[in-house]
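S.K.: The chain contents come next:
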Amino acid sequence: MRIAYVLNEAFNNIRRNGLVVLGAVLAVFVSLFLTFGTLIFGEIARVNTERWQEDVRVIGFLRVDYREVDELRNEIEGWDEVERVIYYTPAEALEEARLLFADDPRQLQIIEDDPSIIPASLRVRPVDLNDYDTIKQRLTNSPGVSEVISADEAVQQIAAIRDGLRVFFWVLASALGVAAIALIANTIHMAIYARREELEIMHLVGASNWFVRTPFLIEGVVEGVFGSALAVATGVFLYNLARNRLADLPEFINLTIDSSFLVQWGLLLVGFGAIVGIVGSGISLAVHKYVRT
Amino acid sequence: MIRLHNVSKVYDNSVVALREVGLEVAKGEFVFLVGPSGSGKSTLLRLMMREERPDTGEVWVAGKHASALPSWKVPHLRRSIGTVFQDFKLLPNKTVYENVSFALEVTGRSRHVVRNQVPQVLKLVGLSNKADRQPRQLSGGEQQRVSIARAFANRPLILLADEPTGNLDPATSVGIMRILDRINRTGTTVVMATHDHAIVDAMRRRVVQLEGGRVIRDQRSGAYEIRVQSNVATEPPDEDSVAPTPDAVVPVEEDVVLAESESTATAGTDPAPEASLEDSTEAAEAADEVVDEAKITESDA
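Each protein sequence line maps, in turn, to chains A and B. For the first sequence, the numbering used here assigns the number 430 to the initial residue and increments by one for each residue that follows. For the second sequence, the numbering used here assigns the number 11 to the initial residue and increments by one for each residue that follows.
It is possible that part of the hints are untrue.
Okay, derived cross-link-like pairs now, DSS-like style, lysine-lysine, Cα gap no bigger than 25 Å in a straight line [to be verified]:
no. : chain 1 : residue 1 : chain 2 : residue 2
1   : A       : K718      : B       : K99
2   : B       : K74       : B       : K104
3   : B       : K99       : B       : K133
4   : B       : K99       : B       : K83
5   : B       : K74       : B       : K37
6   : A       : K718      : B       : K140
7   : B       : K140      : B       : K99
8   : B       : K83       : A       : K718
9   : B       : K83       : B       : K37
Partial chain A-side listing against chain B, Cβ under 8 Å, derived [to be verified]:
no. : residue
10  : R431
11  : I432
12  : Y434
13  : E626
14  : E627
15  : I630
16  : M631
17  : L633
18  : G635
19  : A636
20  : S637
21  : F640
22  : T643
From the derived model, a few chain A residues whose C-beta atoms are all more than 10 Å from chain B [to be verified]:
no. : residue
23  : L436
24  : E576
25  : Y622
26  : N638
FYI, nobody ran anything at the bench for these hints, they're computed from the structure. By construction, the Cβ of each residue, glycine as well, lies at the ideal position given by its N, Cα and C atoms.
Make a model of the complete structure from these sequences and hints.
M.R.: So, in structure tokens, the structure goes:
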């Protein structure tokens, strides 16, 4: 009876204040949609620039039968324009290849049939990011190196855009997150004010504090969860739409990300929406005299 | 049941509401708080319901140290106190029944208890036949009876009433007093602040008079004002000693002396008590008939 009553009160509040509630839900939605979008975009960028992480700019693939890896590595590390050399073992290389060709079953099959075709590699981080031409040249002439590739313009641009957008989106998402909390607080504030007579009587007859406050907390959580669930659903929908429409992108861009990534972050964001709701209504309950004894 | 010890209260704007008030109310007593506006009557009631805390002194209510009670325990204290106000404080968009059941629901009573209690208290206040009305469809007196029903629904030990007849005409007021009297007879302690001379004079209950935040009179079966010598003939001076309530706290004579020195009462401004008493009795009977009618219609149904 008590729980039913509290829930009933919460949903009555939501119904009575339709437009204001909609505003709060939309604020949560926009803020968390941007956050989710940033996460998805970041993940796509990460997958596509995986091997260029940590400022690696040049990769030298080693011949499968080459054995003097340590000597070669020490030699390259001695070059003036090289800051660091990272050795990728055949096992690590295979792991990376599986990720890279995740959306290409045919390629994947070839790899799985004969993993030895995936070569080990030495990945070189230049002292100056523009030095990679020199390094590329010297690597090509080194013994044991079968092929040299370097991060081209496109990859470098993706990385740059990714870093810039990431900052921009996070700033925007936090600002909107604060706005969402404020809007939820305002919604709860209005709900409290609309019910001030009832609340006064509840206090007079001795309704316990949780009985008075819980409906407002639930209202905040419902708004937060609803807004965030909407954001996640929209995010997943648009991502799938984009992946299908942009199927004929140049091959080096891979739009596939792990579906467990979407599920995990989706759930996290819904949880975060609930927290936004609790904080918003908590702020309102803390400042409002009608809900205090 | 209620004990105030050396209680003082000064508001933020340095208005002194109460000065060193001591008061004891036994279980089952009926006490009128009288005195001019601003004499501290409402503050006293607010301290008893722990709406406020005193600056100094102690307030004990229903066995609890109200003035030291942490705020999360206040709801529990309030369940043993019923409150009635001059402005009724009814919820306009709820029916009579819902206004009363609200008080039970929000204190977590089961549906079964609510279904049992609400008709009972509505019957007590004679509104069984108006359970489905909304407050605006009721007269002032009826609205006040709803608010009394709500206050009594939780079967409180104490009923605090702040000028419950302040907005009502004399005849209606008598009906309200009959109900409060009936509630008192069930063993509920009643403390009522009032300006209503006729009621206080007719009921002959304990009267505590406040002025400037002090108790200047505490009389066992008193009138609203102390009569000067010429009126004493009509009011036997030894009445107090035969009064039924055994536990008046302050010696009566002392208080009368105190009151006479400060009271503004004169024989000339005193409304004829006998006349008003008679009026009241008539009206009271009328009110009783209403209650009886309600009973009949209910037993029919």
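S.K.: Against the earlier hints, flag every one the structure doesn't satisfy and list their numbers going up.
M.R.: Violated: hints 2, 6, 11, 22 and 26.
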